[in-house]
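Could you put together the complete structure from these sequences and hints?
Chains as they are written, first to last, in our numbering: chain A, 1 to 278; chain B, 1 to 235.
No lab work stands behind these hints, which were simulated from the structure alone. Nothing here was measured: the structure is a model prediction, and the numbers come from that model. Incorrect hints may have been included.
[To be verified] Within a straight-line C-alpha distance of at most 30 Å, the following computed DSSO-like cross-link-like pairs (lysine-lysine) qualify:
(1) Lys8/B / Lys20/B
(2) Lys181/A / Lys107/B
(3) Lys181/A / Lys152/B
(4) Lys110/B / Lys181/A
(5) Lys275/A / Lys126/B
(6) Lys81/B / Lys275/A
(7) Lys181/A / Lys126/B
(8) Lys275/A / Lys128/B
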Amino acid sequence: MLDFFYQLIGSIPFQWTEHTFMKNALLAIVLITPLFGLLGTMIVTNRMAFFSDSLGHGAFTGIAIGSLLGMAAPMAAAVIFSIIFAISITLIKHKSRSSTDTVIGVFSSLAIALGLVLLSAGGSFNKYSSYLIGDLLNIYPSEIVSLFFFFIGVIILWVLVFNKLLLVSINESLARSRGVKTLIIEMIFTATIAIIVTISIQWVGILIINSLLVLPAAAAKNVAGNVRQYTLFSVLFALVSGVCGLILSYYWGTATGATIVIVAGIIFLLSALIKRSR
Amino acid sequence: MTLLTCDKLSVSYNRITALKNVSFHVDDGDYLCIVGENGSGKSTLIKAILQLIGTESGTITLNGIRQTEIGYLPQQTVVQKDFPASVFEVVLSGCLNRKGRNPFYGKAEKALALEKLAELGIATLKNKSYRDLSGGQQQRVLLARALCATRKLIVLDEPVTGLDPLVTTELYATIKELNGKQGIAVIMVSHDIQGVLESANKILHVNVEPVFFGSPSDYLNTSVGQRMTGGTTHA
Ligand SMILES: Nc1ncnc2c1ncn2[C@@H]1O[C@H](COP(=O)(O)OP(=O)(O)O)[C@@H](O)[C@H]1O
Ligand SMILES: [Mg+2]
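Structural data, given as structure tokens:
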């Protein structure tokens with residue numbers, strides 16, 4: 001199935017398209033970044049940037065626990081742990097009316113510290129340092145196929161809950177007055193973010209994954225006039241950042257994830273300029 | 001016919017009592033204005049009516065209308081103020097769950113949203129971005145959104161906060177017209193009672209406990225009523 005795409009990419013007349021690892025990375029980026037753009041819109045709308053950052057930390061702990069349990073691929077344990085983490089924080093947010101920043105901060109720091117302690121316990125932390133900055137060039141074809149199905153799943157889910165999620169974001173009490181089960185919608189949403197963050201950490205890196213969620217959407221918010229544009233621009237900005245970042249990192253020899261974030265950051269600055277000039 | 005009866009209602013958050021023993025009723029076509037100081041439980045009462053929060057004791061009975069058929073204009077949130085949605089998208093969101101569990105908006109919902117836009121005289125703003133509108137226009141959009149949900153009862157929580165006097169008067173006139181011409185019952189929380197005295201036919205004054213419930217003219221004869229209305233106009 002991938003051969004077709006390999007050939008397609010290979011037909012682009014640039015040197016970087018000759019390498020299989022670049023082809024794999026490009027396919028992965030085309031599948032992941034739109035999801036980041038999509039989910040990012042609601043994170044930015046709800047001012048949840050801090051919250052989504054903590055999800056990354058929770059995912060890291062999950063990976064640590066998974067590794068410790070001796071799993072060859074700690075991903076399954078990581079995904080389960082980070083979903084539990086995400087849902088617990090959502091519940092706490094729901095219960096308390098006062099600012100939840102402190103609670104999230106405490107959970108988040110504890111999670112990352114626990115993750116670091118667990119992973120360094122065997123004295124072999126180097127093995128795991130890729131989780132910090134990520135390695136997009138080390139992605140397997142089988143993972144791309146799984147990503148593809150995940151991509152389809154998220155899109156379907158998004159279409160189904162979008163209108164409700166939007167109303168919950170804009171005005172929670174109005175949403176409830178329309179009979180929306182807001183807690184369930186929020187849980188579905190945060191669990192989805194938790195999953196995508198967890199599986200992407202190995203490629204993008206925990207240090208910058210949140211920027212990738214926040215920057216494209218924040219840029220889109222600056223220039224969009226309606227919800228459709230907001231979603232479209234955010235997905236587009238994420239995709240453009242991903243592809244440009246990958247190519248630039250190839251020629252510059254830099255870390256891919258970080259290069260992507262720099263492109264996204266530049267797009268954000270441009271969008272802020274456009275907003276100001278209007 | 002009585003639309004809504006609230007009988008000896010008490011609500012508390014954890015251990016703080018927000019409302020105690022409040023009773024009132026709203027009939028078809030009524031215009032009830034709820035007044036009271038900041039923190040006196042007005043928004044709490046609105047949320048209890050909409051069944052968004054649990055009650056401690058007492059009952060709220062709806063008659064001939066379901067909870068999801070009440071139009072609701074909540075207090076403006078920060079998120080809403082700078083969210084990039086078009087006017088049409090905002091109004092359409094008021095149609096959510098109008099018919100069962102369909103996750104999409106159909107033709108009927110879109111037509112309804114357009115109709116409400118026209119009714120409130122903001123059809124030309126349809127494709128404008130909500131956050132670029134003036135405060136008065138924004139409140140009209142939110143009113144249109146609330147109207148999508150209802151034919152009988154609309155609940156407004158401080159709809160004129162932050163608006164200048166002229167725009168406030170216009171919005172009050174529109175609400176009065178909805179009440180008078182379409183017979184939609186109105187429950188409105190408001191700070192400034194002056195502006196609604198001649199529109200409302202019932203006043204409820206709460207300060208956690210009920211202070212007054214009755215007609216505007218009776219309210220003006222109470223000492224608290226005189227204090228609420230007198231202080232602002234005669235310096
Ligand atoms: N979700 C909540 N949790 C705890 N206390 C609340 C909550 N909402 C309101 N309160 C408190 O209940 C009281 C009444 O609030 P509210 O109904 O918003 O007053 P009003 O709308 O009249 O200004 C206030 O003291 C407020 O602090
Ligand atoms: Mg209030």
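Hints and how they fare:
1. Lys8/B / Lys20/B: Roughly 7 Å between the alpha carbons, so the hint for Lys8/B and Lys20/B holds.
2. Lys181/A / Lys107/B: The hint holds at about 24 Å.
3. Lys181/A / Lys152/B: holds (24 Å)
4. Lys110/B / Lys181/A: It holds: about 23 Å lies between the C-alpha atoms, which stays within 30 Å.
5. Lys275/A / Lys126/B: holds (21 Å)
6. Lys81/B / Lys275/A: holds (16 Å)
7. Lys181/A / Lys126/B: Distance of about 29 Å is within 30 Å: holds.
8. Lys275/A / Lys128/B: Given that 30 Å is the threshold and the Cα spacing comes to 16 Å, the pair holds.
In terms of the numbered hints stated before, the structure departs from none.
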